[in-house]
Amino acid sequence: FPVYYVNGMPQMIDAKHLPIKLPEVEKYLPTETGEPPLGNATVWAWCAETNQVVENDKINNTTVFPLELNTMPGWAGSSQYFNRYMDSDNPDEIFSQEAINYWQQVDLYIGGSEHATGHLLYSRFWQKFMFDKGLVPHDEFAKKLINQGMILGTSACVCKLICYHFAEGFKDKSIISDEHKDILEFIKKTRDKIFISETYSKSFQGLNDIKDKDKLSKKIDEFILTIPNFLKNLYPENKLIIDSLNFAFQKIHADVSFVNASDELNIEAFKNWRPEYKDAKFIKEEDGTFKVSRDVEKMSKSKYNVVGPDEICHQYGADSLRMYEMFLGPLEQAKPWNTAGITGVHGFLKKLWKLYVDDNGFKVTDAEPTKENLKTLHKTIKKVEEDIENFSFNTSVSTFMIAVNELTAQKCTSKEILEPLLIVISPYAPHIAEELWSQFGHSESISTTAFPIFDASYLVESSKNYPISFNGKMRFTIELSLDLSKEEIEKAVLAHEKTQAQLQGRTPKKVIVVLGKIVNIVG
Numbered sequence: 001f002p003v004y005y006v007n008g009m010p011q012m013i014d015a016k017h018l019p020i021k022l023p024e025v026e027k028y029l030p031t032e033t034g035e036p037p038l039g040n041a042t043v044w045a046w047c048a049e050t051n052q053v054v055e056n057d058k059i060n061n062t063t064v065f066p067l068e069l070n071t072m073p074g075w076a077g078s079s080q081y082f083n084r085y086m087d088s089d090n091p092d093e094i095f096s097q098e099a100i101n102y103w104q105q106v107d108l109y110i111g112g113s114e115h116a117t118g119h120l121l122y123s124r125f126w127q128k129f130m131f132d133k134g135l136v137p138h139d140e141f142a143k144k145l146i147n148q149g150m151i152l153g154t155s156a157c158v159c160k161l162i163c164y165h166f167a168e169g170f171k172d173k174s175i176i177s178d179e180h181k182d183i184l185e186f187i188k189k190t191r192d193k194i195f196i197s198e199t200y201s202k203s204f205q206g207l208n209d210i211k212d213k214d215k216l217s218k219k220i221d222e223f224i225l226t227i228p229n230f231l232k233n234l235y236p237e238n239k240l241i242i243d244s245l246n247f248a249f250q251k252i253h254a255d256v257s258f259v260n261a262s263d264e265l266n267i268e269a270f271k272n273w274r275p276e277y278k279d280a281k282f283i284k285e286e287d288g289t290f291k292v293s294r295d296v297e298k299m300s301k302s303k304y305n306v307v308g309p310d311e312i313c314h315q316y317g318a319d320s321l322r323m324y325e326m327f328l329g330p331l332e333q334a335k336p337w338n339t340a341g342i343t344g345v346h347g348f349l350k351k352l353w354k355l356y357v358d359d360n361g362f363k364v365t366d367a368e369p370t371k372e373n374l375k376t377l378h379k380t381i382k383k384v385e386e387d388i389e390n391f392s393f394n395t396s397v398s399t400f401m402i403a404v405n406e407l408t409a410q411k412c413t414s415k416e417i418l419e420p421l422l423i424v425i426s427p428y429a430p431h432i433a434e435e436l437w438s439q440f441g442h443s444e445s446i447s448t449t450a451f452p453i454f455d456a457s458y459l460v461e462s463s464k465n466y467p468i469s470f471n472g473k474m475r476f477t478i479e480l481s482l483d484l485s486k487e488e489i490e491k492a493v494l495a496h497e498k499t500q501a502q503l504q505g506r507t508p509k510k511v512i513v514v515l516g517k518i519v520n521i522v523g
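Per my numbering, residue 1 is the first one in the sequence shown, and the count goes up by one each step.
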């Protein structure tokens, strides 16, 4: 900061004397008395007569004064960089009033929830300060802020059994008996060495939450008998010691790569993971497996629950990863990651590919699209446009799945349908879209192509599949134009061969026509 001190009071250095260059220092560490690194500088004083930085030993508090030792923190720049972008070549100031009044605010700012309590907190503070000073036209730097939800990890937790004894609390070790020494030696020997499968640990956890005295007593008795018996099987030579111990549980995180889809731990991989677990003992399920518990929490290296995108991309492809992340839920919600769930999206992309390519190669033709084809395409365009505007990317993925299912059922091969569909899906699955786009013979990237224009006329229903009922029981359907009057519908239905077969020569007493819904023949 361009500040010097006169009798302890801060004084600003005139702007015309700026900038002041920081001095060279041997080490960027605080001083022995706790001052910032500039406290180590020997040339860091301000001469008010010459308006220059001079040696510290010239400080006389008359004409030469001490300079501020704190430097402006890094977030000072990151808290207003968006305003600097509006006039980045300006050599005289952060931005000109002309530039800031032209560009105004950031239209959209997206950052995570942790980002919001760090960088954004400072950014908004700086913006409001500059607004109060009349430097910027708005007190919020962005028109819209979105905090995207965090992708959560599913941690694998192994339950460690802890043995303890009151003798551990003796401060005077000379009074400990030989018996107690053996107990303490056993506790030391088994520390970080005994793990109990989730089914057993779960049944004994939460004893404090049991309110019914009889149930609690029964559970405690079960606990007191079961745990020692497990240990005696593991350490038969220490049965007497085990009878004198107390027990507790502690959950520790294990690497998720050691656990399969059935929550079973790869014991050998776990034992080889860390030296302290090399000789660990495991209290297993009756079927010989060892179960872990699962916790949904923030992905973190310390929790060993990070799923690397490279591995996912290698197995399923980048488009599967992109679409699955969007499919997990609304943008602003936290979402737990489950690798098993990606197979559904991966399967959808395979189905999309088959819409364009079969065993004989690229199968798209110049065939005229049907009404159903056009309806499917344009309702997809409409929905995806709305979803993008609303940041509802998860529902777009659902829309694509519906569209591909419908077009597959319609046996659509029309270029007029499948080419624009590819453009619509390209922001979500750019790699497969780019590959198929090249199959159409295009040399330019699909990303440079204009988004298809929605035509509402294709969604207007021109006909209705009327259910035809006889005395309230639906027998068949007839497709009729929605432009027909009640009289025209009645005439068309009565003349239909299926109606004649139902009536068998009878004259109906009454024909009820509900326009756009149903026809009921009575009698």
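Hints listed in this document are in silico derivations from the structure and should not be mistaken for laboratory results.
Remember, it's a predicted structure, so these values are computed and weren't measured experimentally.
Heads up, a few of these hints could be off.
Once the Cα atoms are required to be at most 30 Å apart in a straight line, the calculated DSSO-like pairs of lysine-lysine come out as [unchecked claim]:
#: 1; residue 1: 509; residue 2: 498
#: 2; residue 1: 202; residue 2: 189
#: 3; residue 1: 215; residue 2: 202
#: 4; residue 1: 371; residue 2: 382
#: 5; residue 1: 193; residue 2: 173
#: 6; residue 1: 382; residue 2: 464
#: 7; residue 1: 171; residue 2: 193
#: 8; residue 1: 215; residue 2: 239
#: 9; residue 1: 382; residue 2: 143
#: 10; residue 1: 278; residue 2: 232
#: 11; residue 1: 160; residue 2: 144
#: 12; residue 1: 133; residue 2: 143
#: 13; residue 1: 193; residue 2: 181
#: 14; residue 1: 350; residue 2: 371
#: 15; residue 1: 303; residue 2: 278
#: 16; residue 1: 193; residue 2: 133
#: 17; residue 1: 278; residue 2: 298
#: 18; residue 1: 251; residue 2: 202
#: 19; residue 1: 510; residue 2: 486
#: 20; residue 1: 171; residue 2: 188
#: 21; residue 1: 173; residue 2: 232
#: 22; residue 1: 239; residue 2: 271
#: 23; residue 1: 278; residue 2: 301
#: 24; residue 1: 181; residue 2: 215
#: 25; residue 1: 189; residue 2: 281
#: 26; residue 1: 301; residue 2: 193
#: 27; residue 1: 509; residue 2: 491
#: 28; residue 1: 354; residue 2: 382
#: 29; residue 1: 371; residue 2: 411
#: 30; residue 1: 498; residue 2: 371
#: 31; residue 1: 383; residue 2: 160
#: 32; residue 1: 350; residue 2: 375
#: 33; residue 1: 271; residue 2: 284
#: 34; residue 1: 301; residue 2: 189
Hints and how they fare:
{"no.": "1", "hint": "509 <-> 498", "verdict": "holds, 18 Å"}
{"no.": "2", "hint": "202 <-> 189", "verdict": "holds, 25 Å"}
{"no.": "3", "hint": "215 <-> 202", "verdict": "holds, 16 Å"}
{"no.": "4", "hint": "371 <-> 382", "verdict": "holds, 16 Å"}
{"no.": "5", "hint": "193 <-> 173", "verdict": "holds, 25 Å"}
{"no.": "6", "hint": "382 <-> 464", "verdict": "holds, 22 Å"}
{"no.": "7", "hint": "171 <-> 193", "verdict": "holds, 25 Å"}
{"no.": "8", "hint": "215 <-> 239", "verdict": "holds, 28 Å"}
{"no.": "9", "hint": "382 <-> 143", "verdict": "holds, 25 Å"}
{"no.": "10", "hint": "278 <-> 232", "verdict": "holds, 20 Å"}
{"no.": "11", "hint": "160 <-> 144", "verdict": "violated, 47 Å"}
{"no.": "12", "hint": "133 <-> 143", "verdict": "holds, 20 Å"}
{"no.": "13", "hint": "193 <-> 181", "verdict": "holds, 19 Å"}
{"no.": "14", "hint": "350 <-> 371", "verdict": "holds, 26 Å"}
{"no.": "15", "hint": "303 <-> 278", "verdict": "holds, 20 Å"}
{"no.": "16", "hint": "193 <-> 133", "verdict": "violated, 64 Å"}
{"no.": "17", "hint": "278 <-> 298", "verdict": "holds, 28 Å"}
{"no.": "18", "hint": "251 <-> 202", "verdict": "holds, 11 Å"}
{"no.": "19", "hint": "510 <-> 486", "verdict": "holds, 13 Å"}
{"no.": "20", "hint": "171 <-> 188", "verdict": "holds, 17 Å"}
{"no.": "21", "hint": "173 <-> 232", "verdict": "holds, 28 Å"}
{"no.": "22", "hint": "239 <-> 271", "verdict": "holds, 25 Å"}
{"no.": "23", "hint": "278 <-> 301", "verdict": "holds, 22 Å"}
{"no.": "24", "hint": "181 <-> 215", "verdict": "violated, 36 Å"}
{"no.": "25", "hint": "189 <-> 281", "verdict": "holds, 12 Å"}
{"no.": "26", "hint": "301 <-> 193", "verdict": "holds, 23 Å"}
{"no.": "27", "hint": "509 <-> 491", "verdict": "holds, 14 Å"}
{"no.": "28", "hint": "354 <-> 382", "verdict": "holds, 24 Å"}
{"no.": "29", "hint": "371 <-> 411", "verdict": "holds, 13 Å"}
{"no.": "30", "hint": "498 <-> 371", "verdict": "holds, 26 Å"}
{"no.": "31", "hint": "383 <-> 160", "verdict": "violated, 51 Å"}
{"no.": "32", "hint": "350 <-> 375", "verdict": "holds, 23 Å"}
{"no.": "33", "hint": "271 <-> 284", "verdict": "holds, 15 Å"}
{"no.": "34", "hint": "301 <-> 189", "verdict": "holds, 29 Å"}
Going through the hint list in order, the structure does not satisfy hints 11, 16, 24, 31.
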